[in-house]
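Put together the whole structure using the sequences plus the hints.
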Amino acid sequence: MALRDTVDEAALGGSLTGQAGGSPTVKPDAAEALLSVEDLSIGFRGRDGDTSVTRKVSFFVRPGERVGVVGESGCGKTVTGLSLLRLLPERTARIDGRILFDGRDLSTLPMREMRKIRGRDISMIFQEPMSALDPVFTIGQQLSETLLAHFDMSRKEARERSIQALTEVGIPLPERRYDEYPHQFSGGMRQRVMIAMALICKPRLIVADEPTTALDVTVQAQIIDLLCQLSDDTGTALLFITHDLGVVAETCSRMLTMYAGEVVEDAAVDEALRRPGHPYTSGLLRSLPRLSERGERLPSIPGRVPSPNAMPEGCRFRDRCPYARPGCEDYQPMVTDRRGRHVRCWRVDELALPGAVD
Amino acid sequence: MAVPEQQMQQEPVVVADGLTIHFDLRGGDTVKAVDGVSFQIRPGETFGIIGESGSGKTTVGRALVGLLKPTGGRILYAGQDVSALSSSQYRQLRRNYQIIFQDPHAALNPRMTILQSVQEPMEIMRDGNPASRRQTARDALERAGLPPEIGARYPHELSGGQKQRVNIARALTVNPRFIVCDEVVAALDVSVRGAILNLFADLQKEFGLTYAFITHDISVVAHISNRVGVMYLGRLMELGPTGPVTEQPLHPYTRALLSAEPLPLPSEMRDQARRIRLTGEIPSPVSPPSGCRFRTRCPSAQAVCAEHVPEWRELRPDHWVACHFSTEEGPPDAS
Numbered sequence: 001m002a003l004r005d006t007v008d009e010a011a012l013g014g015s016l017t018g019q020a021g022g023s024p025t026v027k028p029d030a031a032e033a034l035l036s037v038e039d040l041s042i043g044f045r046g047r048d049g050d051t052s053v054t055r056k057v058s059f060f061v062r063p064g065e066r067v068g069v070v071g072e073s074g075c076g077k078t079v080t081g082l083s084l085l086r087l088l089p090e091r092t093a094r095i096d097g098r099i100l101f102d103g104r105d106l107s108t109l110p111m112r113e114m115r116k117i118r119g120r121d122i123s124m125i126f127q128e129p130m131s132a133l134d135p136v137f138t139i140g141q142q143l144s145e146t147l148l149a150h151f152d153m154s155r156k157e158a159r160e161r162s163i164q165a166l167t168e169v170g171i172p173l174p175e176r177r178y179d180e181y182p183h184q185f186s187g188g189m190r191q192r193v194m195i196a197m198a199l200i201c202k203p204r205l206i207v208a209d210e211p212t213t214a215l216d217v218t219v220q221a222q223i224i225d226l227l228c229q230l231s232d233d234t235g236t237a238l239l240f241i242t243h244d245l246g247v248v249a250e251t252c253s254r255m256l257t258m259y260a261g262e263v264v265e266d267a268a269v270d271e272a273l274r275r276p277g278h279p280y281t282s283g284l285l286r287s288l289p290r291l292s293e294r295g296e297r298l299p300s301i302p303g304r305v306p307s308p309n310a311m312p313e314g315c316r317f318r319d320r321c322p323y324a325r326p327g328c329e330d331y332q333p334m335v336t337d338r339r340g341r342h343v344r345c346w347r348v349d350e351l352a353l354p355g356a357v358d
Numbered sequence: 001m002a003v004p005e006q007q008m009q010q011e012p013v014v015v016a017d018g019l020t021i022h023f024d025l026r027g028g029d030t031v032k033a034v035d036g037v038s039f040q041i042r043p044g045e046t047f048g049i050i051g052e053s054g055s056g057k058t059t060v061g062r063a064l065v066g067l068l069k070p071t072g073g074r075i076l077y078a079g080q081d082v083s084a085l086s087s088s089q090y091r092q093l094r095r096n097y098q099i100i101f102q103d104p105h106a107a108l109n110p111r112m113t114i115l116q117s118v119q120e121p122m123e124i125m126r127d128g129n130p131a132s133r134r135q136t137a138r139d140a141l142e143r144a145g146l147p148p149e150i151g152a153r154y155p156h157e158l159s160g161g162q163k164q165r166v167n168i169a170r171a172l173t174v175n176p177r178f179i180v181c182d183e184v185v186a187a188l189d190v191s192v193r194g195a196i197l198n199l200f201a202d203l204q205k206e207f208g209l210t211y212a213f214i215t216h217d218i219s220v221v222a223h224i225s226n227r228v229g230v231m232y233l234g235r236l237m238e239l240g241p242t243g244p245v246t247e248q249p250l251h252p253y254t255r256a257l258l259s260a261e262p263l264p265l266p267s268e269m270r271d272q273a274r275r276i277r278l279t280g281e282i283p284s285p286v287s288p289p290s291g292c293r294f295r296t297r298c299p300s301a302q303a304v305c306a307e308h309v310p311e312w313r314e315l316r317p318d319h320w321v322a323c324h325f326s327t328e329e330g331p332p333d334a335s
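Residue numbers (this note's numbering), protein chains in the order written: chain X, 1 to 358; chain P, 1 to 335.
Derived by calculation from the structure, the hints in this document are not laboratory data. Among the hints, erroneous ones may be present.
[Said to hold, decoys possible] Ranges between beta-carbon positions, derived for each pair: (1) P:M125 <-> X:R294: 30 to 40 Å; (2) P:P241 <-> X:D105: 56 to 66 Å; (3) X:Q229 <-> P:A84: 51 to 61 Å.
Idealized CB from N, CA, C, for every residue including glycine.
Written out as structure tokens, the structure is:
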């Protein structure tokens, strides 16, 4: 937090608007961050002992900011997202560390208090809208329920607000669709309903876990526009979990790269795309077919994400890393380099890694 | 991946001629999944088929390997109409046409070892003897880039990329000429996609394979294909060489599809103005729009689009389009 003194006020002021571009990644003090996750380690109890899924994950989200979380499957993105809302199974999940939201630690909050926050201050959008909507209730009932749970209002008012929310997310004939069931909606329309539901209480943070992955590309473009426009209009911050670097580039101003349960890079999106600091971020960007000439060989990252029970010591990426050297077997702390990138690699200052632009 | 000149003049490996596949629903409705699609796949080429869900691309792929019977039109394999063949002739022909599916896990029997799974097609075809089948399966696994000990393992012990390699090995064991690849990298992480696509390219060179590559991912299709067909709601909208189709498309739908793809580029390199936003979603294939199927979402649609199905026109060499207003220069201006 001492770092805060080293950035000028103008840069910080600019970053608060949540515009796409190069917001500095200097850690704000607790009062400035909306969400501050500190050393979050998540494990699951099993018959053969505990399995650690994430290790000391730390990041923050400023009010109104859109932050992307990227990484391969099995890197701990979804588990981290679920833990913020305490949606992991209480009996088997073990959570260490702090989840400070608006100064309160969500990880120790009584469930009764947590329920007041869910849907009201923080809401979530899932990948598969059909599994998040209850098939036996109408869309309207489910939208109104969210409002009635958090506000003292009549059913009539809740209905009006819900229809308005459906209008805002671009659902045609909202009065009629209010009384329809989820199966009567297409995939894109269901995801719009999910967004309406997530936004209806005007939360300050939305955790969106692969919200467009199941959608067609033309519908995805509509949903991305909608999310960004609504977040601009309402000042809602967004934590956007996705494997799609293109989606992050088009929506977020800052990007966290996760690998094997750790954050390995935290940088402004434009900076990470142009000059990634971590070899894993660079490897992901170089793997995209669009960067290669047609018919040429495509680069890829050899091997696979290590399983939680077989994590290598030191840098967890080193077995797959073309830049690994003696020294990588030591524990890698997050370091801040000359450019202000936060990277979990001791070689960050000597490596000039290729990004999405040649 | 240029296709040699003399191969181009050879007989097509597969021809779809007015291919139509309808599914009857309870209550008398009909899903017009594929509605009059014609194309030829040339020897040694990779023919990309791109489209969104509901476009009919998967149905076409299944029909190409005989998993679905056309309700109209025909499919010719090396010039032969399948419906005219005896069942034993068909069986012999059928082995030349294989398919690899999107979900590498669902395609493997969880109770069979990898080696057993890879041997199965040869058992069905009654190829060789148990010892030769085992050897062929081992060779195929090795060719697909897997270590020999994988053969004794079960599918759940493998990663997604490894499982897809197993499925590729399995398709290779019967020496096919033609493989339909249906979203074969869609379920894989970005980091391993490149390696699998490289493997497909290597095998094509080594065995002279012909591919139909079905995908929704423009960057994949642009990378691997020689020619691309763009499908929308059961019909082909555009068909041509990959470069022109993905860089200077002729159809308004292709242009919109290309512009909707999110680009992993820094903000100053992304041209926001290029975006053509389609409104609405793909209509139901039970009651597709009259005339041009794309007209309900097309920014350039006119009255004529509802009345007449656009002609299939060759506006550039080998580059075809179904739009009333496209010219050699490209699609009509979106306004």
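Against the structure shown, which of the earlier numbered hints fail to hold, in ascending order?
none
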